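Each chain, letter by letter, is given below.
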Amino acid sequence: MMSTTKPAPGKPRARPSFYFRYLVEPYLYISPAFVLIALVMLVPLVIGVSYAFQSVSLLRPFETGWVGTENFQALWTDRKFWLALKNTFWWTLGSIFFQFFLGLGLALLLNTHFYGKRLVQALVFLPWAVPTFLSALTWAWLFNPTIGPLPHWLAALGILSEPYNILGDPDLAMWGPITANVWFGIPFFAITLLAALQSIPGELYEAAEIDGATAWQSFTKITLPFLAPMIAITVMLRTIWIANFADLIFVMTGGGPANSTQILSTYIFTTAFRKLDFGYASAIAVALLVLLLIYAVILLVLRRRLVKI
Amino acid sequence: MSALRKSSPLAVTGKYLALAFYLTFALFPLYWLAKIAVTPDKLIFSEGTAMVPSSFTFENFRTVLIATDFLSYFKNSLIVSLGTAAITTCVAAAAGYAFSRFDFRGKRLVIALMLITQMFPLLMIIAPIYKIVAAVGLLNSLTSLIIVYTAFNVPFATFLMQSFFDGIPKDLEEAGMIDGCTRFEALRKIILPLTLPGLGATLGFIFTAAWSELLFALMLINSNDTMTFPVGLLTFVSKFSVDWGQMMAAGVLALVPSCLFFIFIQRYLVQGLTSGAVKG
Amino acid sequence: MARIELQSIAKSYGSVEVLRDINLTIEDGEFIVLVGPSGCGKSTLLRMIAGLEPISGGEFTIDGRRMNEVPPRDRDMAMVFQSYALYPHMDVARNMGFSLEIRKAAAEDRQSKIQGAAKTLGLTGLKERLPKQLSGGQRQRVAMGRAIVRDPSAFLFDEPLSNLDAALRVEMRLEIARLHQRLEATMIYVTHDQVEALTLADRIVVLNGGDIQQVGTPLDLYERPANKFVAQFIGSPTMNVLRAEAKGDSIALSGGTRIQVEGDVPASGVSELGIRPEHIHVAGSEAAQFSGRAELVEHLGSDTNIHVQVDGIGPFLVREHGHVPVNTGDEVGLFIDPEKVHLFAEDGRSLR
Ligand SMILES: Nc1ncnc2c1ncn2[C@@H]1O[C@H](COP(=O)(O)OP(=O)(O)O)[C@@H](O)[C@H]1O
Ligand SMILES: [Mg+2]
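Residue numbers (numbering that gives the first Met the number 0), protein chains in the order written: chain A, 0 to 308; chain B, 0 to 279; chain C, 0 to 351.
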C-alpha cells in the first residue's frame, strides 16, 4: 500500500528533540505577550514609581534629580489632593453602587424568557460599546439646558429650582459624571452576572420549587450564593477601574467647577498633561496605588472569610 | 428564573416596565445624539428640548465629512484600532493557548504579573511612557499608539482567549498530532477554526476599547495628521464650540463602527464567560 | 509492522509517581489489553506509547529503535480516543482522510482508502455528514475509520466503547475483534471492563496502582491469577475470598469447616481461600461440606445466582448453570470444587 512512501516509525523528519520542544514550546507561545507587557507596562511602572521620588518636570528641565520624599511632603499639604481623595471616594462609591444594583437587576431580567430577548440584550448592552469620550460628550450635552432635556425635566420634577446646568454647580456637578458612568457601566455587570446566572444548573431551581421555596427564597438561597464569587471579583475589579477612570470626568467637567469633580486620576492626568510635572503626578499615582492595594487586600480577606471555598 | 413558576400578571407587568426602563435609559442618550445631528442648524436652539425636530437634514454629516479633518481622524482611528485588535488577538491567542494547554515553570508568575497589570492605575505609567516614546522618537506616530494599546489589552484578551481554548477538548489536537500534525499544525488546522467565534469576540472587544481610548492618545499625539477620533473630536469642541449639529454628526459617525462590532460580538462574550471564566 | 518493547518505563507528575518499572514486550500483530481500575495509570501508559506524554524514565522501543524522544507524528501509530475526538468542523470523509491530507497523499489514493474504510465500517452513506449529525455508534465507527485509513503499524485504543450503550458495545467489540483478525496489526487496548479484556485480548496486562500485576492470556489470568487482586478483578461475578488456614492436607475455614483440596497444600502462609462463584455448587446433605441460608436468589435463565449467608464464614455468591429450584430463605448445602480452590498468602500472593 503506502509502505514505499511511509517513513519507518521513529525516523524523525529532522526535528529537534521532542523533549526540548516540549519544554520550550509554552515559552514560545507566551513570550510575545510577556515581552510586550514587561516593556510597555512593568518597566514603565517601575520608572513611574521612581519618578515619585524625583523632580521630573518638562517645564523646569534643569531641576531634575532625586528629591527623596519631597513630592510626598508636598502632597501631604496639598489641599487639592485631599479634596480629590474625598471626591474619588464619592465618585467610586456612587458609581459602583448604582452600576452594580442596576446591572444585577438587568442580568436577572435577561435571564428570564421574553419576546425579542436577543434584540433587547444587544440594545441594552450598547452603552458599553460607545466610546468613552462620546458618552462623556453626549451626557454633557444632555445636561446642558440649551440643547438637552434633562435640566428641564429635573426642574419640572422639582429637583432643580430652575433648569440650569448641574455640571456648573459645585454641589451637584459630581452627579453628572456619575450618571454617565452608571449608564456606561451597567452592561459590564449585566454581562458578567448574566454569564454567572446562566451557569447555575436549572435543576437547582426545580428542586427548590418542589421543596416549596418561594421566589425570594430561591433567590437568596440559590442565586446569591452562586453569584457570590463572581460578585466579589467583579466588584473588586470594577472599583479599581472606576477609581482609576479619568476619561469621563476629564471630558465632562475637566475636574471643575472649583475642583468639585477633581478625582485623583484626573488630578494625575492634568498634572502630567497640563503641567508636565511628572514627578508630582507619579507621587499622586503612587498614593492612589497604595490606597487601591489596601482596598484589594481588605476585600480579599473579607472574601475569604465570607465565601467558603 | 424558572419557566415552571406561574407568574402573576403584576409581576409580568413589572418585568416589562423594568425592561422598558433599561431600554430607555440605554438608548435615550444615543437617540438624542442622533436627533441633534439631523436637526437643521436654525432649529437647534429653538427646538433644543423638543423630542422630535420639525424637520430633518443631513447637511451636518455632509459638512463634517467634507469640510473638516473628520475623515483623517476616522482613518487614523481605524488604523490604530484594527492594528491593535489584530496584533492583540494574535499575541493573546498564543499566550491563552499556552495557559490553557501547558503546565510550565513560571506559569503562576506570569499569570500574577498579568493580574497586577489589571490592578494598578494605568495613568501611573503615562509619564514614563511619554518619556520613553519621546526618547525613541515615536511621538505623534500611530505605531506607538498601537504598541501601547496592544500591551494594555493583552492581559484581558489572554484571559478571554484562555477561557475559549479551555472550552475545546485537548483530545482534538492530540488526535491531530497522532494524525501527523506538529502541535503548531494541529493548532492552526484544528483548534483555530473552532475558536473563530472566540477570536471574533476578542477582536471586537479590543477594537472597541482601542477605538475609545482618549488619555494616552491625547498625551502621545498632538499633530493634526495623526490624531485619532477621540482626540480629534475634543479639538472639535474648541473649534466648533457653537456648532452642536456638526459635533453630534461626527459623534454619530464615530459610534457606528464600534456599535456594529459590539452587536456582533456580545453574544459570544456572554458565551465565552459562561464556559470559561465562571468555572475559574 | 511493529514489535513494541517497554523497559523499566516510569512516569511521574512532579513528585507523584503514577507508573513504576513497567516491563512489557508486545509482539508484532498481538492484541494486548491493558486493564485495571480507574486511575491506575492505563491511559497514561498508552499516551506515553503514543507520544502524547513524555516518558519520565526507562526505554521504549519499536523494532529495536528507541522512541522516547520521537514526536507522535513520527511513531506511525493510530489512536482511537474515548471521546472519539472527531474534528467537529470536518465532515466524515475529511475526518477519516485527515492524516493522509497532512502527509500529502495523492488525492485518488486518499479517496480509495477513505472509500475502503467507509465500506468496511458501513459508513458509505454518511461521508458528507458532520460529526454532530451522527449517532454515538456512528461517531465511534468514524473514529475507527480514521485509524484504519492510515494503515499504521500499531493501533491504540483508550476505552473506545465506554460511551456506548450496552448493546452497541457488544456489537462494536465484535467489530474490533474482526478488524484485528483482518488487519493482523498490533493493537493496544485500554479498558477498565474485564469482559472486554477477556473477549478481545491475546494477552492481558493487569495494572493496579501504577504496577503491572500480571501479564498473561485470558485463560491464564482466570485460572492462575498471580495474586488476590487479579483473582478478584478478572472473572464475573467476583471470586469469593474467605479467611482460611492450612491444616495438614486440607484447609480450615473460619467456622471450623474443613475443605479437601486436590493436590498439594502449602504447609504454612495460607491466609485466605478464593473460590469463584461458578466453582461452588448446591449439594444434597450427604455431599455438602457446609450449609447456609439463601438470602437472595437471582434467576437469570441461563444461570442462577444464589447469595448465601453461612454462619461463622460470611456471605457467599454461588452461580449455578441453568435453573436451580432454590428460593429465598431456603437452607442450602454447598460443595466447593476441590480442583478450583485458590489460596492466597497474607500479602495477597497466590499460593496455588
Ligand atoms: N496531568 C496530570 N497531573 C498529575 N496527575 C495526573 C495527571 N494525569 C493523570 N494523573 C494521575 O495519574 C493517575 C493515572 O491516570 P490515568 O492514566 O488517566 O488513569 P486511568 O487508568 O483511569 O486511565 C491518576 O491517579 C491521575 O490522577
Ligand atoms: Mg483512562
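Hint data in this document are derived by calculation from the structure and do not stem from the laboratory. For clarity, every value in this text was computed on a predicted model and none was experimentally measured. Among the hints, erroneous ones may be present.
Label-pair distances were calculated between CB atoms; the ranges are [said to hold, decoys possible]:
1. B:Arg104 to C:Leu167: 41 to 49 Å
2. B:Met50 to A:Leu299: 46 to 54 Å
3. A:Thr111 to C:Val194: 42 to 50 Å
4. C:Glu345 to B:Gln117: 38 to 46 Å
5. C:Glu26 to B:Pro168: 32 to 40 Å
6. A:Thr111 to B:Met50: 26 to 34 Å
Calculated pairs, DSBU-like style, for lysine-lysine (alpha carbon to alpha carbon, straight line, at most 30 Å) [what the hints assert, rightly or not]:
7. C:Lys339 to B:Lys188
8. A:Lys85 to A:Lys274
9. B:Lys14 to A:Lys220
10. C:Lys246 to B:Lys188
11. B:Lys41 to C:Lys126
12. B:Lys188 to A:Lys79
13. A:Lys116 to B:Lys14
14. C:Lys131 to A:Lys116
15. C:Lys103 to B:Lys169
16. C:Lys126 to B:Lys188
17. B:Lys74 to B:Lys130
18. A:Lys274 to B:Lys130
19. A:Lys116 to B:Lys169
Here are some chain C residues pointing at chain B (derived, C-beta under 8 Å) [as the list claims (entries may be wrong)]:
20. Pro53
21. Gly57
22. Met76
23. Phe80
24. Ile101
25. Ser111
26. Leu241
We put the beta carbon where it would ideally sit given N, CA and C, even for glycine.
Against the structure, the hints come out as follows:
1. B:Arg104 to C:Leu167: 41 to 49 Å: holds, 45 Å
2. B:Met50 to A:Leu299: 46 to 54 Å: Holds, at about 48 Å.
3. A:Thr111 to C:Val194: 42 to 50 Å: holds, 49 Å
4. C:Glu345 to B:Gln117: 38 to 46 Å: Check failed, 60 Å falls outside 38 to 46 Å.
5. C:Glu26 to B:Pro168: 32 to 40 Å: At roughly 33 Å between Cβ atoms, B:Pro168 and C:Glu26 fall inside 32 to 40 Å, so the hint holds.
6. A:Thr111 to B:Met50: 26 to 34 Å: holds, 30 Å
7. C:Lys339 to B:Lys188: Given pair C:Lys339, B:Lys188 is violated - Cα atoms ~57 Å apart, limit 30 Å.
8. A:Lys85 to A:Lys274: Holds: A:Lys85 and A:Lys274 sit about 22 Å apart, inside 30 Å.
9. B:Lys14 to A:Lys220: holds, 22 Å
10. C:Lys246 to B:Lys188: violated, 70 Å
11. B:Lys41 to C:Lys126: violated, 68 Å
12. B:Lys188 to A:Lys79: violated, 58 Å
13. A:Lys116 to B:Lys14: Given pair A:Lys116, B:Lys14 holds - Cα atoms ~13 Å apart, limit 30 Å.
14. C:Lys131 to A:Lys116: Holds, at roughly 27 Å.
15. C:Lys103 to B:Lys169: Between C:Lys103 and B:Lys169 the Cα gap is close to 25 Å, so the pair holds against 30 Å.
16. C:Lys126 to B:Lys188: holds, 20 Å
17. B:Lys74 to B:Lys130: Roughly 26 Å separates the two Cα atoms, so the pair holds.
18. A:Lys274 to B:Lys130: Holds. A:Lys274 to B:Lys130 sits at ~15 Å (cutoff 30 Å).
19. A:Lys116 to B:Lys169: violated, 34 Å
20. Pro53: Constraint on C:Pro53 not satisfied, violated at 12 Å.
21. Gly57: violated, 22 Å
22. Met76: holds, 7 Å
23. Phe80: holds, 5 Å
24. Ile101: OK, holds: C:Ile101 within 8 Å of chain B, min 4 Å.
25. Ser111: violated, 18 Å
26. Leu241: Violated, because the Cβ-Cβ distance from C:Leu241 to chain B comes to roughly 44 Å (cut-off 8 Å).
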